[in-house]
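On the provided structure of chain A, position chain B as indicated by the hints.
The lines below spell out each chain.
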Amino acid sequence: MRSLLVLCVALLPMSQAYAQLSKPYSSRWQTRIVFGTDMPIKNFPHGNAADYLVGYDSHAGYLQIFNSSLFFSRHWGLDAGYQIQMPSTETESDFHRQLETEYGDAYYVTSFVDGDGGNGHQGRGNLGLIYRFESKRLLVYPKFSIGFTNFETNSGTAYLKEKNANTITQVRYEAKQYSRTPFTFIPSVSLGYRVRNRIAVNVDIAGAYFKSNIAYTKQTRDLYSEVISTEKLSMKRNALVLTVGLGIVFTIYEKDGK
Amino acid sequence: MARKIVLILLAPLIVEIAIGCCHCDDTPSVTSLYTYKSIQLENLDNRGAEPVVSESGPYLKEAYGLRVHLYRDLIAHSSGAPVSFFPSAYAFSCGCENNSSISARDSITYVHIITLRDFDASHQADAEISDLFRVQTESYGTQELTRVGEYATGPYLRYASADRFLRDMTFDILLFAPPAAGGVYKFKIQFTLSDGRVLEQETSEIQLM
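Listed in order, the protein sequences are those of chains A and B.
Each residue of the first sequence is one higher than the one before, starting from 61 at the first, in my numbering.
Each residue of the second sequence is one higher than the one before, starting from 69 at the first, in my numbering.
Next up, chain A with everything else stripped away, as it sits in the complex (with noise of 0.2 Å):
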């Protein structure tokens, strides 16, 4: 983030010396990079084990590794682009922590997530219409998109050591899918100004909101008497998310053919 600052204010003085600036709205493709931080509005509940399980975090940074915007008339276009996110939870560490919670009086409690027990991959794509504002220095690009949220629904398993007695519970909680890629409804705003005739900087503001139904299978297991009582957990979940970013906008191609 500090670097993308120093790197605006070395151009800012460059864009004096180089004022030939490209009329507005001559620009055909455009193509960003930027990076920010999602920021939750309406968070996923978190009600039992399982929900520690899903490996969405809405405090996660992210990278918009590829973004472009084709402009097909003077304010309309199409943009679509992909982010990477950064989860910054620990699944194993909460999930351990809420069955803690949920049985810590009167048991003691070992747990593991199957795999790395990370959040895994998680990540964002869209596509839509972009509207274009732009003046000889300032653009104002309002979006309207759809896409996908990508994360993953782990699996877990904790043993439960029954205080003052011997007995042993398995609970498994078992995902029924892998992951879980729900469509989400992105608008936003890209707000720029150009330093250079074909380079801005810009402020990316976005609202992300995606609904999803999430299953799992809570099966109980008493080690000894090999009872096993099955629960079905299924958990509607929604969440949105702002997600402000700051990037750089680079004019690839003119209208004119530049």
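Wrong hints could be hidden among the right ones.
To be verified - Listed next, with one range per pair, are the computed distances between beta-carbon atoms:
#1 A:Ile93 x B:Glu206: 31 to 41 Å
#2 A:Lys278 x B:Lys254: 33 to 43 Å
#3 A:Gln279 x B:Arg185: 36 to 46 Å
#4 B:Ala189 x A:Phe172: 39 to 49 Å
#5 B:Tyr224 x A:Phe172: 19 to 29 Å
#6 B:Arg215 x A:Phe172: 54 to 64 Å
#7 A:Gln237 x B:His137: 41 to 51 Å
If you're looking for bench data, these hints aren't it; they were derived computationally from the structure.
If you're wondering where the values come from, they're calculated on a predicted model, not measured in any experiment.
Idealized CB from N, CA, C, for every residue including glycine.
For chain B alone, coordinates are given in the frame of chain A:
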């Protein structure tokens, strides 16, 4: 001429340096043979997260267990070090896998846990109660409870000392179906070996509450 003679004399050593460190034999380099010798029992209190040895009762009947020490003796040991011009101490690293082989002369064929006092309505004194106990096993985070006979006669004990000889094999057996009422109890464990010997040990009289 003298140089050539020296070179010819040194040739085997040079070849040995080149290939000696890379020679990994698949046949066991160390072979050990052991036999089961005796057993010892300790009372366990498993009220906490892990069972602990406690020789002073009374014991909570729902959290009672026994720690079994199965002592073994090494009766044969051979080290098949290969003949070499160069001592292996000069090798930087051979990278060979440990090919030691540890095997038992005799094996455990049966395990019986017997109550020496009336245990409950269906288990009078001298009745076998092995099925009321289990051994807790763990593999890659997955825990299971294994029947005592299955544990002692199966591969578990063999795997536990696969890479080195253990004179004292120790494992815990826990009581999972305690008697309805507290009182004084006493247990005996018998290990029957393939050569016909029976290793057995009794607990002291213990108070379960």
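Subject >> Status of the given 39 to 49 Å range, CB of Phe172 (chain A) versus CB of Ala189 (chain B) >> reply: holds, 41 Å
Original post:
Should the hint that Gln237 (chain A) and His137 (chain B) are 41 to 51 Å apart at their CB atoms be regarded as holding?
Top reply: Given range 41 to 51 Å: holds, Cβ gap about 49 Å.
**OP:** Indicate whether the distance between the beta carbons of Ile93 (chain A) and Glu206 (chain B) respects the range 31 to 41 Å.
**Re:** Roughly 48 Å apart at Cβ, these two residues miss the hinted range, so it is violated.
**OP:** Could you tell me whether the CB distance from Arg215 (chain B) to Phe172 (chain A) stays inside 54 to 64 Å?
**Re:** violated, 25 Å
Subject >> Assessment of proposed distance window 19 to 29 Å (beta carbons of Tyr224 (chain B), Phe172 (chain A)) >> reply: Holds, since Tyr224 (chain B) and Phe172 (chain A) (Cβ atoms, about 21 Å apart) stay within the stated range.
Original post:
Do the beta carbons of Gln279 (chain A) and Arg185 (chain B) sit within 36 to 46 Å of each other?
Top reply: Since the Cβ atoms of Gln279 (chain A) and Arg185 (chain B) sit about 39 Å apart, the hinted range of 36 to 46 Å holds.
Subject >> Hint check for Lys254 (chain B) and Lys278 (chain A) - Cβ pair distance inside 33 to 43 Å >> reply: holds, 42 Å
Comparing the model with each numbered hint stated earlier shows that hints 1 and 6 do not hold.
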